[in-house]
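Below, each chain spelled out in residue letters.
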Amino acid sequence: MRDATDKPNEYEARERKNTLSWLFWVFAYAISLVLSSVILTQLPAPKLLLGISALLITAGFGIAAFVAFTRLLKGLDERLQKIWLESLAITFGVLWIAFGCLVILHRADINHIDAPEMGLLSLLAGLGFTVGAIRTIR
Amino acid sequence: MKNRLKALRAEQNWTQAELAAELQVSRQTVNAIEKGKFDPSLPLAFKIARLFDLPIETIFDDDGK
Numbered sequence: 001m002r003d004a005t006d007k008p009n010e011y012e013a014r015e016r017k018n019t020l021s022w023l024f025w026v027f028a029y030a031i032s033l034v035l036s037s038v039i040l041t042q043l044p045a046p047k048l049l050l051g052i053s054a055l056l057i058t059a060g061f062g063i064a065a066f067v068a069f070t071r072l073l074k075g076l077d078e079r080l081q082k083i084w085l086e087s088l089a090i091t092f093g094v095l096w097i098a099f100g101c102l103v104i105l106h107r108a109d110i111n112h113i114d115a116p117e118m119g120l121l122s123l124l125a126g127l128g129f130t131v132g133a134i135r136t137i138r
Numbered sequence: 001m002k003n004r005l006k007a008l009r010a011e012q013n014w015t016q017a018e019l020a021a022e023l024q025v026s027r028q029t030v031n032a033i034e035k036g037k038f039d040p041s042l043p044l045a046f047k048i049a050r051l052f053d054l055p056i057e058t059i060f061d062d063d064g065k
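In the order they appear, the protein sequences are chains C and S.
44 is the number that the numbering used here gives to position 44 of the first sequence; each next residue is one higher, with no gaps.
65 is the number that the numbering used here gives to position 65 of the second sequence; each next residue is one higher, with no gaps.
Hints are computed from structural coordinates only; laboratory data are not their basis.
Heads up, a few of these hints could be off.
Said to hold, decoys possible - One-sided and incomplete, this derived list gives chain C residues near chain S with beta-carbon spacing under 8 angstroms: (1) P8; (2) N9; (3) Y11; (4) R16; (5) K74; (6) D77; (7) E86; (8) I90; (9) D114; (10) E117.
Unchecked claim - Derived DSBU-like pairs (lysine-lysine); straight-line CA-CA distance at most 30 angstroms: (11) K6(S) - K47(C); (12) K2(S) - K74(C); (13) K2(S) - K7(C); (14) K6(S) - K35(S); (15) K35(S) - K7(C); (16) K37(S) - K74(C); (17) K82(C) - K47(C); (18) K7(C) - K17(C); (19) K17(C) - K2(S); (20) K82(C) - K7(C); (21) K37(S) - K47(C); (22) K2(S) - K37(S); (23) K6(S) - K82(C); (24) K7(C) - K74(C); (25) K35(S) - K82(C); (26) K74(C) - K47(S); (27) K35(S) - K47(C); (28) K82(C) - K17(C); (29) K17(C) - K37(S); (30) K2(S) - K47(S); (31) K17(C) - K35(S).
What the hints assert, rightly or not - To give a feel for the contact side, a few chain S residues facing chain C, derived at Cβ under 8 angstroms: (32) Q16; (33) E22; (34) Q24; (35) G36.
Note that the structure is a prediction, hence the values are computed from the model and not measured.
The beta carbon of each residue, even a glycine, is placed where N, CA and C say it ideally should be.
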């Protein structure tokens with residue numbers, strides 16, 4: 001049996017680093033998305049070259065955020081992986097159902113999908129994830 | 001699944017954080033295992049057994065299931 005140790009918890013340091021990396025790329029993606037939308041709506045036509053550039057830059061940040069998130073998930077310990085995966089499954093289910101409902105409302109001309117509806121989806125995603133996490137932790 | 005992790009850790013005068021550092025998991029995971037809220041995977045159970053130099057079945061008890 002080993003003696004008590006002052007061994008630093010490399011796992012926690014790695015988790016912190018991966019979380020910060022993910023947050024950085026998500027922030028960069030959000031900024032890129034907002035700036036691209038604002039610039040593209042302010043500029044006169046033709047916007048093809050600028051539009052493609054904005055798309056490539058934003059997609060690049062999105063891919064970086066996705067890779068960072070995958071790395072974060074893989075680096076979590078098994079209990080946290082379980083919590084995250086079950087929470088993500090619930091989030092996915094909530095979004096799936098909510099989006100389906102919005103599409104039906106849109107097709108029936110009851111309510112059209114626009115910015116508030118996208119905001120509602122984000123809110124539902126956050127709510128779904130929180131409920132999933134609490135449910136798994138308990 | 002019941003386990004003796006808390007007692008074994010106490011025998012060594014280790015904190016949950018120290019045990020977590022040895023196992024390379026979060027402190028919360030050690031706490032969840034001790035309270036029986038989370039059953040570790042086989043690799044983690046083996047790691048715990050090796051750390052305390054004990055057979056797995058003397059640390060974890062599946063309640064005769």
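Hint check results:
no. : hint            : result
1   : P8              : 6 angstroms, holds
2   : N9              : 4 angstroms, holds
3   : Y11             : 4 angstroms, holds
4   : R16             : 11 angstroms, violated
5   : K74             : 14 angstroms, violated
6   : D77             : 4 angstroms, holds
7   : E86             : 12 angstroms, violated
8   : I90             : 18 angstroms, violated
9   : D114            : 41 angstroms, violated
10  : E117            : 36 angstroms, violated
11  : K6(S) - K47(C)  : 64 angstroms, violated
12  : K2(S) - K74(C)  : 28 angstroms, holds
13  : K2(S) - K7(C)   : 27 angstroms, holds
14  : K6(S) - K35(S)  : 8 angstroms, holds
15  : K35(S) - K7(C)  : 24 angstroms, holds
16  : K37(S) - K74(C) : 22 angstroms, holds
17  : K82(C) - K47(C) : 45 angstroms, violated
18  : K7(C) - K17(C)  : 18 angstroms, holds
19  : K17(C) - K2(S)  : 34 angstroms, violated
20  : K82(C) - K7(C)  : 26 angstroms, holds
21  : K37(S) - K47(C) : 56 angstroms, violated
22  : K2(S) - K37(S)  : 10 angstroms, holds
23  : K6(S) - K82(C)  : 22 angstroms, holds
24  : K7(C) - K74(C)  : 22 angstroms, holds
25  : K35(S) - K82(C) : 17 angstroms, holds
26  : K74(C) - K47(S) : 19 angstroms, holds
27  : K35(S) - K47(C) : 60 angstroms, violated
28  : K82(C) - K17(C) : 20 angstroms, holds
29  : K17(C) - K37(S) : 27 angstroms, holds
30  : K2(S) - K47(S)  : 17 angstroms, holds
31  : K17(C) - K35(S) : 28 angstroms, holds
32  : Q16             : 11 angstroms, violated
33  : E22             : 6 angstroms, holds
34  : Q24             : 4 angstroms, holds
35  : G36             : 13 angstroms, violated
In this structure, the hints that do not hold are numbers 4, 5, 7, 8, 9, 10, 11, 17, 19, 21, 27, 32 and 35, in rising order.
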